[in-house]
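Take these sequences, add in the hints, and give me the full structure.
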Amino acid sequence: MKILVATDAWVPQVNGVLATYRRLAEELPALGSQLTFLTPEHFGTVAMPWYREIRLAVPNRRKAAAIIDANNADHIHIATEGPVGWMARNYCRRRNLPFTTSFHTRFPEYAAQHFGLPKSLIYSGLRRFHNAGAGVMVATPSLQRDLTRRGFRNILPWTRGVDTKLFSPRADRVFGRESPVFLYVGRVSIEKNIEAFLAADLPGIKAVVGDGPHMTALAERFPEVRFLGRRSGEDLARHFASADVFVFPSRTDTFGLVILEAMASGVPVAAYPVTGPIDIVDDGISGILDEDLASAARRALSLDRASVRRRALDFTWRRTAEMFVENIRVARSSASPARLMPAPSARSAKTQTCGAAATRRT
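For the sequence shown, the residue numbers in my numbering are 1209 to 1570.
Bear in mind the hints are in silico, worked out from the structure with no lab data behind them. Glycine included, every Cβ here is placed at the ideal spot set by N, Cα and C. Treat the hints with caution; some may be incorrect.
[Stated by the list, open to error] Pair ranges (Cβ atoms, derived):
| no. | residue 1 | residue 2 | range |
| --- | --- | --- | --- |
| 1 | 1442 | 1239 | 23 to 33 Å |
| 2 | 1270 | 1359 | 25 to 35 Å |
| 3 | 1301 | 1481 | 30 to 40 Å |
| 4 | 1411 | 1441 | 50 to 60 Å |
| 5 | 1518 | 1298 | 44 to 54 Å |
Put into structure tokens, the structure is as follows:
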């Protein structure tokens, strides 16, 4: 099965959405499927003023349709609710085709923090976006319950995985011999609630790996904190393994791949008891969940790192890929036969030729 993923999350962004679909693309061929992508790179883009790495596509409905036609996919999955996602959604709606979506980001909470917009208004738009599809995939049970209460329909479970070979216990101490080391990894922006970690009364070293629009301001306010910028691959894995506790201060993430990366490294997690942590962390075993984040971080120091690692082994990217394909099968089986996308071979030669020609022109 050939699956087209429409996503606004694309390079040069570094986030869990992009990481998930890149790894999914690696896993699916072994299951007889493949991913192709419709991304902002196919269109003109404009930068987001508060986070320059995020570039939004300039909508071009005709170009989007030509690219999708030429792709000849068996199914369309919409990963994000940005301009690319809306173009793909409108394409499917105009042609009465079933499609699936996924709910990765709590945009209502972000919009409220950045712009003071009412969350109810944004959730109304997201509900309209996702309920038009045949199924919406969510990463955790707690998010599923929350969205169900908000009127979202056809919700399908879809967990995440972690590379347990790359992220593993190591003897590295990249922060030196001083301890304990409390580490945050992720985007340095307001919605991540990083100040709750930076202001916490903790001994030893506080370190932040990642970058974002608020890094300069936070570095000035908290000069004692080590801001190390973006890291990746082996370098990132070494930083994870060098920490004593991973602190996850976000209250709005829908999952938190970095939580799994820390746990796979044998590093216990300190977090609030909210969606994401409550679905991944075994309180008292692989981490501590508490409304007092400083208390959670201090208590996490005593947890057994081998037990933390064992919990992460339950999350594999192969299982993530299997669930993704199964969710598509379930969603398509529940859709009206008239809405099913025809196989590529059944499409008219005229549609394929026109679509390919349009793609070459662009």
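We went through each hint and held it up to the structure:
| no. | hint | in the structure |
| --- | --- | --- |
| 1 | 1442 <-> 1239: 23 to 33 Å | 28 Å, holds |
| 2 | 1270 <-> 1359: 25 to 35 Å | 33 Å, holds |
| 3 | 1301 <-> 1481: 30 to 40 Å | 39 Å, holds |
| 4 | 1411 <-> 1441: 50 to 60 Å | 30 Å, violated |
| 5 | 1518 <-> 1298: 44 to 54 Å | 46 Å, holds |
Checked against the numbered hints given earlier, the structure breaks only hint 4 and satisfies all the rest.
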